[in-house]
Amino acid sequence: MKRILLALFFSAGGLAAAPLKVVTTTPDLADLARRVGGERVSVACLSRGVQDPHFVEAKPSLILKLREADLYIQTGLELEAGWAPLLLQGARRAQVQPGGTGFLDASRFVRPLEVPSDVSRAGGDVHPGGNPHYLGDPRNAVAVAAGLAGKLAELDPAGKPMYDANARAYGERLWLKIVEWEKRLAPARGARYVSYHRNLVYFADWAGLSSAGEIEPKPGIPPSPRHTADLIKLMKEQKIPLVLTMPYYEKRSSDALAAATGARVVVMSLMPDGVSREDDYLSVMERNVGEIIAAVSR
Amino acid sequence: MHRLFGRLLAVVFSVFVVNGSLKAEGASWLRNPSASALNPKISVIADFLAQTGTPGDPSQTEDGFHLREVEIGIQADVDPYARADFFIGGLDGDGSAPELEEGYVTLTALPGGIQARGGKFRANFGRLNMVHPHELPQVDAPLALDAFLGEGRLGGAGAEVSRIFAPWGLFAEVSYALLQDLGGEHGHGEEHEDTTSVVDINGSTVTVAVAPGEGPAPAKRLRNFAHAGKIRVYKDLTETINLDLGFSGALYEPKDRTDATGAVLEDYDRKRLAAADLTLRWKPLAQGTYRSFLWRTEFLYADWSLAPVLSPLDGSVEEPAARVHRRAGYSYVEVQPAKRWRWGLRGDYLEDPAVRDSTAPRITRAVAPYVSFSPSEFHRVRLQWTRSRLPGGDTENRGYLQWTVLLGPHGAHAF
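In the order they appear, the protein sequences are chains W and G.
Heads up, the final residue of the first sequence is numbered 298 in my numbering, and it's a clean run with no missing numbers.
Heads up, the final residue of the second sequence is numbered 415 in my numbering, and it's a clean run with no missing numbers.
The following block holds chain W by itself, in its conformation from the complex (with noise of 0.2 Å):
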């Protein structure tokens, strides 16, 4: 008997302890959400950093992922808009789902840019809400992982102080690389590049960069020869220096720009596991640093 009730002491003992269940969308999320979490949870993300995440495919395994998640963190401002609401109906979890206690949109932490006036899908695959792409902005990763620490203590008011320190210690950690990063990046300040789609305004926004347009004629439309052949024409005209694109975009057209217009393709990554399975948000972003000064200091 005695056995018995020390077991359940402790099985019981085990069970309070058991960390909170987090799935993000994307993998920048988890890494935010791991930072914060630390050991009161355990992270899962529902896509790579090499898919584009516009397109991920809403694979019934991702489901199994979501059905005993405490918290859903997504991106938001319909970037999953093609894929999540169906892995989250089949999940069959109320609290995941929008409006539930264990849903959360990260996009509501941060103050979104190109937000339409007029929406239309004659302007493209357009975003309602707003450009979704707002972690390629470090200064957003610090507003997103103090609104993280916020939720989780909403769900785990236990683990209050811990989320609330590791936010604040991985906000300065943020920081300070921000500062380090942004004299770095001072020789860069007013380049002109062209970009694969509209994922780096934020980036762009914070580095000082300035495009000069998009492979892609409208977001989601792949690029037609005539408009290739104005792209060609605009960057020789303008001395446009850098092509950037991602992973998951076909080459053939950013090296046909390269080639033709002597600019340089930085191949970016605004996701852990991108380019490299090991990478976390930091690393990315230093290397995203990186890639743009080797570029426009050639």
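Mixed in with the good hints there might be a few duds.
[Unchecked claim] Derived Cβ-Cβ restraints for the label pairs, each shown as a range:
hint : chain 1 : residue 1 : chain 2 : residue 2 : range
1    : G       : 131       : W       : 172       : 50 to 56 Å
2    : W       : 105       : G       : 295       : 36 to 42 Å
3    : W       : 262       : G       : 169       : 50 to 56 Å
It should be emphasised that the hints constitute simulated quantities derived from the structure, not laboratory data.
Only a predicted model underlies this, so the values are computations on that prediction, with no experimental measurement involved.
Every residue gets a Cβ at the ideal spot worked out from N, C-alpha and C, and that includes glycine.
Given chain W, put chain G in place with the hints provided.
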């Protein structure tokens, strides 16, 4: 139904017009999500079709341009516990009456990982039963679906429960539906009734109902309801390759209508259906929007006890009762070589389940290559050629050009 449709159109129209006029005026509250977010998501899908070819039966030709269907979808969360989905279809260029294709409420907050829905819906049976025509992987449905599940597919008014499991790390889903009948050509009632014109004894032409469905429908008692169920098992073989298996069954066995002495007044078709489907997919992680491959195959089996067909004039037996066992299936591969392009090839095999002579199952075989181009996620053009070997040896060739557009909110893509 026309009145209902008129009201729905008025609602849809007013939503669009009101939104449009307010945008033009720059109404500030419209930019506040809280003001407009409660509107249901409304989408309109139009499916145009041009076709030509050499039909086996020249009288059946349907060459020309058709507005095959316009479907209106209205979807929203009801409250924290339920979601509602309504799809109004049946609208085509020939002025057909609109019809509520599906309208159901899904309970999303049930305990134990259970989900339930009730209303009028297509049952979770086989692989393509729940897929609407414009979402089909080819221009037309595989032959097996129309013949075995009916053009309206297997479904109707009823309720369905489902639950997911994770045995040995697999994804498994079990669902069960209780339905008024199997719907489409399987059911009974006025919407399924066929008619014919005959000359009565006065020499006048009159329209009379003929089988199936000429008599009264089975009594609406629980024992006369239809049952449909499915087990789905899914496994990621690697990060880029996955396998999807499904086993389905359906049963509709209404009891004969008898008088007080037990004499049979009306007997009904009794139908058992089984299906097995398999899908193999490949999609690279980094370049998944540009390249993919899919192979899908489905096998269907029908065990039907068909009631005798009586003459509408004198009640004599035109076709005797029969028990038929029929098989059908299809298989197709689809390759995506670039972001906007897909091509594929489908093969069909069908034993006509409506033929009562078990010694001569009328067999149709077909092959259908196709190619599709999608300028965007909301716009697709598809070209298909179908060559069919009909029962009796005749050959039919049909060419199709399909043009599909979607207006409205960005919907999640079914997997």
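Consistency of the hints with the structure:
1. G:131 - W:172: 50 to 56 Å: holds, 53 Å
2. W:105 - G:295: 36 to 42 Å: Distance hint for residue 105 of chain W, residue 295 of chain G holds at roughly 37 Å.
3. W:262 - G:169: 50 to 56 Å: holds, 51 Å
Going through the hint list in order, the structure satisfies each hint without exception.
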